[in-house]
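The letter at position 231 of the sequence shown is residue 230 when you use numbering that gives the first Met the number 0, and the numbering goes up by one with no holes.
Keep in mind that the hints were calculated from the coordinates and are not lab data.
Wrong hints could be hidden among the right ones.
Here are the in silico distance ranges between beta carbons for each label pair [as the list claims (entries may be wrong)]:
1) ARG47 - ASP16: 21 to 31 Å
2) GLN86 - ARG25: 32 to 42 Å
3) ALA230 - GLN115: 28 to 38 Å
4) ALA106 - ALA230: 13 to 23 Å
5) GLN59 - ALA122: 29 to 39 Å
6) GLY229 - HIS71: 19 to 29 Å
7) GLU78 - ARG24: 34 to 44 Å
8) TYR173 - PRO73: 23 to 33 Å
Note that CB positions come from ideal geometry on N, CA and C, so glycine has one too.
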Amino acid sequence: MNSIQQNIEQITSQIEDAQQKCGRRRESVKLLAVSKTKPVEAILDAARAGQKAFGENYVQEGADKVAYFSEHHPDLSLEWHFIGPIQSNKSRHVAESFDWVHTVDRAKIAKRLNDQRPTHLPALQVLIQVNTSGESSKSGASDAEIFELAELISALPNLTLRGLMSIPANVSDYQSQLVAFKQLAELKDKLAARYPELNLDTLSMGMSGDMQAAIEAGSTMVRIGTAIFGARDYSSKQ
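Let's have the full structure, built from the sequences with the hints guiding it.
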């Protein structure tokens, strides 16, 4: 058994324990393996260990990996999530390559993704990124903006709105983490109440340091990278 497989099994066990502690059903939380900066060999190890969903932050790197696995390992049927910021001039690569996008935070990007989604592909599954911490350094729509953005996305034929995503302030105190995650969960509930026709079933929140609090607050997808693949090498990144 290689270390990546061991790490996945350990994280999966932690997710199951967290679900049990807060009375949630098994498999109500999906593990998204964040594979940014990692080579295809590491992703292949994770896939062979049973991991199917992978998250990428960099457009070209991610698109290249999607193309590689589509050509060389189509039998793995991997699911690709884009979880990084989207620049307008790179939205086409995202629309053409990925199955999910977690970081839609403005109307312009939503429209571009819709217009650039190839017609032979299923609708792009999207999440609205919310800036719950109010930090100017972080991307994301404000609480007030998400309702208008959700209405826009719901009218775009090549996008399917699934829920919300956030990257809250990096704090170590469990109760502070819980408060931030509950804020996003409450926003999703308000959004679902206003647009009951939408299947808003996804809350992408929680990483290695705050996964437990995220699951207690209602996360359905946790984004875990270093704890699976080890430390990242950013030397080749801008």
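Okay, the hints, checked on the actual structure:
1. ARG47 - ASP16: 21 to 31 Å: At roughly 25 Å between Cβ atoms, ASP16 and ARG47 fall inside 21 to 31 Å, so the hint holds.
2. GLN86 - ARG25: 32 to 42 Å: For ARG25 against GLN86, whose Cβ atoms are near 39 Å apart, the range 32 to 42 Å holds.
3. ALA230 - GLN115: 28 to 38 Å: holds (34 Å)
4. ALA106 - ALA230: 13 to 23 Å: violated (37 Å)
5. GLN59 - ALA122: 29 to 39 Å: Given about 23 Å between the Cβ atoms, the range is violated.
6. GLY229 - HIS71: 19 to 29 Å: The hinted range 19 to 29 Å holds for GLY229 and HIS71, with Cβ atoms some 23 Å apart.
7. GLU78 - ARG24: 34 to 44 Å: Because 21 Å falls outside the window, the suggested range is violated.
8. TYR173 - PRO73: 23 to 33 Å: For PRO73 against TYR173, whose Cβ atoms are near 42 Å apart, the range 23 to 33 Å is violated.
The structure is inconsistent with the numbered hints 4, 5, 7 and 8, although it conforms to all the rest.
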